[in-house]
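These are the residues of each chain, in order.
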Amino acid sequence: MDTLNLAWLLVAIPLVSSAVLLLLGRGSDAWGHWLGVLASAASAVLAIVILVQLLGLGADDRTANVHLFDWIPAGDLTVSAGLLVDPLSVTFAILITFVGTLIHIYAVAYMSHDVDRRRFFAYLNLFIAAMLVLVLADSYALLFLGWEGVGLASYLLIGFWNQNTEYAVAAKKAFVMNRVGDMGMLVAMMAMFATFGAVDFDTVFGAADGAGEGAMTLIGLMLVLAACGKSAQFPLQAWLGDAMAGPTPVSALIHAATMVTAGVYLIVRSGPIFEQTPTAQLVAAIVGAVTLLFGAIVGCAKDDIKKVLAASTMSQIGYMMLAAGLGPIGYAFAIFHLITHGFFKAGMFLGAGSVMHGMGDEVNMRGFGNLSRYMKVTWITFMAGWLAIIGIPPFSGFWSKDKIIESAFVGEGWQPWVFGTVALVGAGITAFYMSRLFFMTFHGKARWNDGKNDLPGPERTPHESPALMTVPMIVLAIGAIGLGGLLTIGDSFVTWLEPVTGHVEHHEPVLPIPVIMVTTIVLVLLGAGLAWRQYAASAVPVAPPTGSVLTRAARADLYQDAVNEGVFMRPGQHLTRTLVYTDTAVVDGAVNGLGSGTLGWGERLRRLQNGFVRSYAAVMLIGVIGALVVVLASRV
Amino acid sequence: MSLVNYLVLSGILFSIGSIAVLTRRNAIIAFMGVELMLNAANLTLVTFGRLHGDLHGQVIAFFVMVVAAAEVVIGLAIIVSIFRTRGSASIDDANLLKS
Amino acid sequence: MPTQFADLPWLTILIVVPTVVAALIWLVKPLRRAARPIGLATSVLVLIGVALMAGAFETADAAEVQFTQTVDWISAIGASYAVGVDGMGLTLVALAALLVPVVLIAGWNEVTLPSGIAADRAEDSLAYRRAGFVSLVLVLESLMIAIFAAQDLFLFYVIFEAMLIPVYFLIGVYGGPNRRGAALKFLLYSLAGGLVMLAGVIAVYFQTDGGPGTYLLANLGDIASDNPTLQMWLFLSFFIAFAVKAPMFPVHTWLPDAAAQATPGTSTLLVGVLDKVGTFGMIAICLPLFPGAAATAAPVIIVLAIISIIYGGLVAIGQNDLMRMIAFSSVSHFGFIVMGVFVGTQTAMVGAMLYMVAHGVTIAALFLISGFLTQRGGSQDMRTYSGMQRVTRVLAGTWLFAGLASLALPGLSGFVPEYLVLIGSFEAHWAYGAFAVIGVVLSALYILLAYQRVFTGPVPEAGAPVELTGEALDVPDRAGLKDLTGREKWAIVPLALVVLFLGLYPAPVLELLSGVADQFAAILGSAS
Amino acid sequence: MNQFVPPEIDWAALSPVLIVLGLAVVGVLVEAFVPMRARRATQVVLAVVGVGAALVAVAWRWVVVQDEGPTAVVAGALREDAPALLAQAILLVCAFVGLLVIADRSSGEDAFAPAAAAIPGSAYEAEARKAGLAQTEVFPLTMFAVGGMLVFPAAADLLTLFIALEVLSLPLYLLAGLARRRRLLSQEASLKYFLLGAFSSAFFLMGIALLYGYSGSVRFDELATAVPATSGLDGMLLAGVLLVIVGLLFKVGAVPFHSWVPDVYQGAPTPITGFMAACTKIAAFAALLRFVYVVVPGLQWDLTVALWVIAILTMIVGTVLAVVQTDMKRMLAYSSVAHAGFLLLGVIALVPSGISSVLFYLLAYGLATVGAFGLLTLVRERDADGNVTGEALHLSQWAGLGRRHPVLAVCFTLFLISFAGIPLTGGFIGKFLVFGAAIEGGAWPLVVIAVLASAAAAFFYVRVIVLMFFTEPAGTDADPGTTVVRTEGLTAVAVVVCAIGTVLLGVLPGPILDLTASATKFML
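Chains as they are written, first to last, in this note's numbering: chain A, 1 to 636; chain B, 637 to 735; chain C, 736 to 1263; chain D, 1264 to 1787.
Chain A extracted, bound-state conformation (with noise of 0.2 Å):
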């Protein structure tokens, strides 16, 4: 039996137990959670299946389309329900099942005192059935159900605490942010249609060289909206700190390891029509470049683990998005820097709410500190996703983001240079606060208030979190120590995803690869030891010093809350208002004026009819003089 066609069960078996999960309400608390992380588990069972399957077919065999259903047939418009089973979807179906089995598994002990724990687990599996149908989706239109079912599942998670309205505002945020990215892939996906009479992804792609380049421009630049606004990139990135409101297991899998990194996935997917538009390539690689140094400036000045974290996911991000903006030669490495950022990533969120677990969710580094001595597992699977982020050979980080470096030194004219800079910079940033990140947690002086000392703040009591929780940060932290260098033997992986991204000849970076190579290495060491110096070495104080205005800007996430709400928010609210008001004043008032007008004039008229009989006879007289006026004035 073929199993390719059995690939529509990978979307239908977390999504079954998802409705399974909600419709049963609390009579399935007992045992929801288990039959979530079985579904989790089911699915990525069948995606291994199926991807040793595509490994035994030729490599000009390894793409199938699954045809489901009609979905729209719409006359002109036919859409239908298809998967498309090819290297890099299963590649992403791997990744989200089987990191995504291990967030579930570690979620079983991370919400068990939580009430709801039963909804959690429905959640995470209809975003397990979300993201699969995005990467798995053979058109734009089915792959835009999955995107903004994603959306929905970070919805519902981000909110999943919402009874703190704060948390409420996170998710709607997130999610109205993702709409305006959204609203380019409708146009995107209008222009196709409007172009090819089309949004399948086989009639798009291969019509796509025979299309004007305006045309090509315009779907590409709304496509990188789109993934601005799911990858939180520049300027649609201000939803994805608030979006740390969730419970840890939800940032760890859909806000470090899978979802966010769908706009990547976009790009890549529509390789062919960005190879038609220099233009909007060009600006996938800027948006990639700009968000690429804004998550790492943030990501120096936070406090708040999950929200140094984000920034860093948002910086890494665009190191796959720059990749992905350089056109062929960077989108194999983008899929690579995203399944090992995949990895390490969410080792380090799962990392993180072991943390919190141990320190009473607590999240403030200023308040951790030396906490390696009470947690061994989680500072040791801790530390090779930090080695791998910062880019130490040879961990995992290495192999990919070393690959984006130097496809970013490849180039003509200016750009090579520019974002070949910009890359290495930024691997010098992220190695700082990535090791301040580590430092402050994990090293120098406990700065928590142990019952012994006089800190302030509760007593804590940090301890190892149970195996539920570290058994997957272990597996994790072998992906973040090996998959990099396993994948990079021989290209393996590159050879795997080509018949998607297409052969690509070596190209030579404008400096020689050495060069590179080396000098990342160095502005790495450079940025660990500069942190080291600072938070491992010297006490870190305890409340934030005011520190500079380059500090306090990136504090405040660069005022990026503030130029929107006073870019849209304000004028939106007052434009709002103001409309409602005129609702109601001018345009319902209209109405009634009309209505009072009516009665004004009957009021007046009736004045008229005094009761004396002798004015109704002059009435009559004027009428009738009047009349003959008129008509004998017709004949003058």
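Worth flagging that the hints you see were computed from the coordinates, not collected in a lab. If you're wondering where the values come from, they're calculated on a predicted model, not measured in any experiment. Don't take every hint at face value.
Claimed, not checked - Computed footprint of chain B on chain D; a stretch qualifies when at least three of its residues, placed anywhere within it, have a C-beta under 8 Å from a C-beta of chain B:
no., segment
1, 1371-1384
2, 1416-1427
3, 1452-1458
4, 1474-1484
Using N, Cα and C, we set each Cβ at its ideal position, and we do this for glycine too.
Assemble the complex: chain A is given as a structure, and chains B, C and D must be docked to it using the hints.
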């Protein structure tokens, strides 16, 4: 004498009659104004009868006189009953019904 | 399907039965007590009837009018009783037949006694009021089916106006504290629109090709084609009536008042089905009768539609009253439908048609579930609620579900039509799609903002005052509100199923519509 | 030369008029000779039978005319053609139901003063009331009025028209003053009606004189032939035509000749108001139609502006003033002014369908009017002792009526929505036809105004519905303040007939439309 003079006279009578209706408060006099108007019309009819040289005009005038007489009967009955009720024949007093 | 099924005068039966039952319930005293079960049974029977009819419908010829029946009615003015449905008519009839039983179930206990009724008469009085409600709803069902089936312009007009009366009473008798004003406003708006249309209906009679003599839609076509000015006036006389009904900016202000004051059930039928008459009329009457004028006016209408989309969305965001918020959201949604009708592409047209059905179901769910909440909480002001998701879980979940359908989340009913309208509009002119797409963000804002205000945040303590602008209100016990009852859940289940069905597998409905859409879009396309 | 040639008189053609007028004369004799006890019953039977018989006679003549074609009767003074007969039939139907309401003695008393000659509030009046006296002259008076009205639509010369006008008006002047309660108002109404009526008659007569002077004849057909022959006396012709039309417009209550309408409608006894609101309007419009359609076509261009202005003013003033009324009868009076405006559209249209549409409208309007005023007679006030007194006419007194008396309220609602022109009532079809005729005649600007006026008019009709159904009544359950009296049955019959008629005209107007469709041409 030109027949036009009769027409002018009837016009004057008609106007006097209508002005009487408009200006006089006493119901009887107002009513007489109406009668004057009717008779002005009669005069016109008779004049035109003469002008056209047929009898229709005069015949109509006779009809009108009968009708006017009937109107007087009704009118006086109404005015009298109102006068008995209110002790006044002023038509301006009767303005309970208005607006 | 056996042929004898197709030969039955389906539509006439479906039109007559509810009215007859309504009359019986109202007039025969012993039946009054059982008004609700009888009414429900009738509406379910009608639904089954519609289902059977749909089964006998030839989908392959969905663009053709089927189940036709034509009887001379007033031959002196060329009016006939002519009914029949094409694919669009059938889906709208089905929508009406679906929503009536749902409304009856949802509003089972909605009708209560007014204060000041003596205890000894209370039972009688309550039965009487309930019988009245059920009767009116059933009469309305007849009229709703009839108007979507009308194949004669005169008949259409007569039903168009006659419908006002049951709705007027439904709002005016059974609604909230300001129901009288709202009912009056509704009636006057609609009458004004309707009378303007009357002038048009009359004029059409004298302008048909080959002289006056018929109102059969099949025989009418391109009225006054040699006189564009006249055709434009005629077109406007119809369009204004339909725009009031739809409702479009700037003649929408009756809707928020009506929706806020009517019972949720009435609002459901009003916005879910009756307002569709406006857009239905635009498609089925304005386009074929006045193609040239429609094409000429289309750009202006589309601009108004886009204003409706954005304006409705923005004003919805600013509402404090839950029902008004939903009403304004409908103004926005109707903007999409009208735009889809007039851009003249097949894709947008089929989208607009599907939108009518999808919006009907979605808005029904939103109104009814919001009604469940506001009846429990005794207030429609969103500011008096907070954190209800922790208290009434199923209610919150279903509300969010309906809300997501309303904001066109893919996979739920709202998406496919909105998608089609957007895609088809862009095809006509990029700016149409580009501006209308803003509605997508606004809908997310107003739905989620409402969800945030009502269902999230801390559960307020009983007795704690809420600061409203200018007035402080003692919040009744919010933590003690009960979640949905079994009956209420059963009212929502069919809606939820249809929402999912339309989102995930709209193909059967689209098959019914795409042929019809082809036909109507071609009219506009060839005229412009 | 001027030898008297007695005209041939087709008595059969005159039978409807003769029956009514003859029985009216018999009624006078009854007053003289029949003992008081039996008088009322006799009069009622005479009147009802008379009107019924006249209706049968009209039906018979209709069949005859359909077979043999229209004829000129009494040397051309009258025309027996389809529009005339149809108008007479409509008139008789409305007069019949109107008579039922007039004859009804709800709460044991009829609507008329027991002794009209008695001074209001005098001891004599009280005695007369106690003795149960009744002013049964009401019936012959009504019959005379009906007789005049019957002649009106058929009159084909101006003299006949004038005589008929007076025959129908004079009894009405008296009837308006006979109310049992609120006698001061009633007498005032009578006086106003009389003075203004006489005033307008004078104009009418002057118009006749001028037309006679212009053409040497008062016959419509001769006038029509004289119109195109320009003779330098056009001014006289136009003034004459206009004055005649003014006389008729006064009867229909068109602005600015409407001033009497609200006052008289309000002051007159309610059954009489209903009767005259319906029947006078029918008769006057029928006459107006004949005059305009026969004589005016040659003058169309000269009169259009004036007639349009009058129609517009009538619709707008009637509507706007009705909106601000608080008295039921007065509101209906203004509404009838507005309806006169709508009807004028059909007259101005000057197309064949104008005639039939106006006739249909008149039937629908007449039935609804008689029914509505009939219902007004049943809703009464109660004094402190609980005795039923006069009619409860203030709008607020109708609050909550729908809850206590659903059938009555539903009937009244039906009449109101017919007035408002909402489909499935006769009023809608009527409006539809009249507007249609106007559009056919090219008067579409008038139609637009009419449509807007109808929309505004809906406001005050609906307001009453709101009051009846949606408003809590002012009084308590025990003492509602407003009460509904039991009818003797006659009013109930009349109202039910009117209600059924209103619905049938709306739902199945086919047969009536077929009848009116054959009445699209006046015999010259």
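Hints versus structure:
Requiring three or more residues with a Cβ within less than 8 Å of a Cβ of chain B, the coverage given for the segment 1371-1384 of chain D holds, as 4 such residues are present. With 3 residues carrying a beta carbon less than 8 Å from a beta carbon of chain B, the segment 1416-1427 of chain D meets the three-residue requirement, and the given coverage holds. As drawn, the segment 1452-1458 of chain D meets chain B at 6 residues by the rule of a beta-carbon pair under 8 Å; at three or more, the given contact holds. Given a C-beta distance limit of less than 8 Å, the hint that chain B covers the segment 1474-1484 of chain D holds, as 5 residues qualify and 3 suffice.
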